[in-house]
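Participant: Sequence:
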Amino acid sequence: MKKYIISLIAVLSVLSFNSCMDLERTDSSTIQLENFLKNENDLKLYVYSLYKPFGSSNGDANVWGFYATLDAGYYSITENTTDILTTDKSNTNATSTLCNRHSWQLNSNNIMNPLTSKYFPKVNHLSQARMAYIRIMETDLPNKEKYAAEAQAVIGWTGMILYDMFGPVPFASDEQLIKWDADPQSGEWLPKPTGEVFLNYLISNLEEAIPLLPETQSDWGRITKGAARMMLLRIYLMKGDYQSAKPIAKDLYEMGIESGVGNIYRLEPSYQNVFSISNEKNKELILAIPCDGTKDYSPNQWYCAAMPSDYVHISPYATGSSTHRMRWDFYDTYEPHDERLNTIVASYVNNKGVTKDRNNGLASGAIPFKYDQDPSANGNFSRNDIPVFRYAEAILIYAETIFETEGVTPQAIKLVNQVRSRAGVSGIETIDGGIHVASPDAFREAILLERGHELYCEGVRHMDLIRHGKWAEYGKRGLSTADASAYNNDPNRYVFPIDPQVVIDSKGIIEQNVAYR
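The numbering used here applies: residue 1 is where the sequence shown begins, and numbers increase by one.
Quick caveat, the hints were computed from the structure, so don't treat them as lab data.
Here the structure is a predicted model, which means the values were calculated and not measured.
One should not assume that every hint holds.
What follows is a list of derived Cβ distance ranges for each label pair [said to hold, decoys possible]:
1) Asn113 - Thr355: 37 to 45 Å
2) Thr319 - Lys283: 41 to 49 Å
3) His337 - Glu473: 35 to 43 Å
4) Asn113 - Gln411: 24 to 32 Å
5) Thr216 - Lys476: 38 to 46 Å
Backbone N, C-alpha and C define an ideal beta-carbon position, used for all residues, glycine too.
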């Protein structure tokens with residue numbers, strides 16, 4: 001069996017899962033394949049096991065999830081390469097600093113260790129999820145189609161993140177998976193496909209899954225029809241296929257109250273409340289990572305990772321590490337009365353009564369807290385759920401697909417303004433003399449900036465700048481003089497390196513990404 005290509009039988013070893021999703025903690029050591037998948041509860045457990053890679057733990061490689069919220073988490077590691085995030089760390093070899101400078105190398109251990117031990121190995125999960133689909137469909141159990149569709153959506157979710165980080169990665173055909181499952185020693189290295197082939201594989205899984213997924217799930221944090229549509233939309237945006245994205249975006253938009261059609265989703269009246277610990281499971285969250293604040297599986301550490309050590313927290317046990325900062329240049333692009341600024345701290349009075357701001361203590365950037373304080377925070381562990389997809393993004397995607405296929409239309413402007421109105425700012429056509437709607441280029445830039453303002457630190461800026469061809473250009477904005485002087489302008493570094501050992505072990509069948517050859 002070849003590393004990173006397939007790992008099938010071990011799937012059953014991860015059936016115990018996060019209790020905050022109301023999932024049972026099961027002793028999977030007693031479960032054998034021959035007596036598994038005998039009833040619908042087995043199907044449920046099997047599908048639950050597929051969610052493990054999406055947790056928020058920052059532990060070892062066995063539990064590290066994509067949605068870890070420290071320096072090397074998916075949101076942080078990608079957004080630090082953009083014009084939004086920077087760091088207060090002075091260590092020039094820190095992951096966040098290397099990302100700011102686009103200067104990582106194959107021997108940069110602080111970034112290569114998480115990439116090679118915690119992220120790239122999740123290529124395996126594409127095979128695990130597809131094999132789950134195959135096995136489930138082979139049964140005669142009730143509701144098997146729903147569970148199989150959920151497994152297919154996991155393929156789309158996993159692949160979306162991997163593509164954002166590494167570009168296209170290998171995936172096996174059903175025939176290969178079945179063969180290797182029967183004879184694990186027959187596994188083989190597979191080359192990376194083209195980007196189009198890989199994205200089309202994700203699209204086909206999601207398109208098959210969406211009609212079979214429910215609009216709501218009884219367990220918080222599981223994939224729904226709306227969540228799968230969001231995955232599909234992001235992938236279509238990665239392809240630049242706005243024509244195919246538009247009807248999906250319309251369907252998703254019409255699931256929400258703002259459309260005047262549906263009532264599954266809605267914009268929360270207050271931007272802050274979307275991320276409030278007192279307002280979890282709100283109707284704006286299409287999909288979220290449930291967090292129970294424990295170290296083992298699901299803490300949200302973002303707030304305390306952003307918090308300065310002298311910041312006053314409601315919990316006496318909370319500790320800050322001064323890691324995440326928003327670049328002042330990006331902060332200053334917000335309109336002065338934008339209510340989204342209420343989730344970003346530009347000045348504060350510390351625990352000694354001293355005011356800290358950009359001229360004293362916050363020179364590197366504002367504090368992008370995003371979330372509110374958890375009164376029960378202990379160390380840097382909080383219970384705020386982590387947003388994956390929000391209805392606000394669905395509205396902005398629909399606006400963008402209309403614009404890219406029809407031009408600067410009243411409907412596209414209206415959709416952007418639905419999001420802006422919630423933030424307490426004027427219609428996009430009314431500010432700066434209407435310059436933002438005066439031409440296609442201006443409106444495209446306005447939507448890009450609106451997405452940045454609305455979705456900061458939610459894992460989209462990296463993919464947004466890439467698809468607009470602005471990643472290398474914008475990544476340098478707002479950096480310190482030292483960081484700017486060390487900045488690598490190579491546009492091919494928009495994806496991270498493949499694990500060099502995989503390239504060696506595969507004897508070059510899996511090629512290194514272009515910037516690192």
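Participant: Hint by hint, say whether it matches the structure.
Facilitator: To see whether the hints hold, each was checked on the structure:
Between Asn113 and Thr355, the C-beta spacing of about 38 Å keeps the proposed range 37 to 45 Å intact. Judged by the Cβ atoms, the range 41 to 49 Å given for Thr319 and Lys283 is violated: they are separated by roughly 33 Å. Between His337 and Glu473 the CB atoms are about 29 Å apart, so this pair departs from the stated range of 35 to 43 Å. At about 47 Å, the CB distance of Asn113 to Gln411 disagrees with the hint of 24 to 32 Å.
A hinted range of 38 to 46 Å for the beta carbons of Thr216 and Lys476 is consistent with their spacing of about 43 Å.
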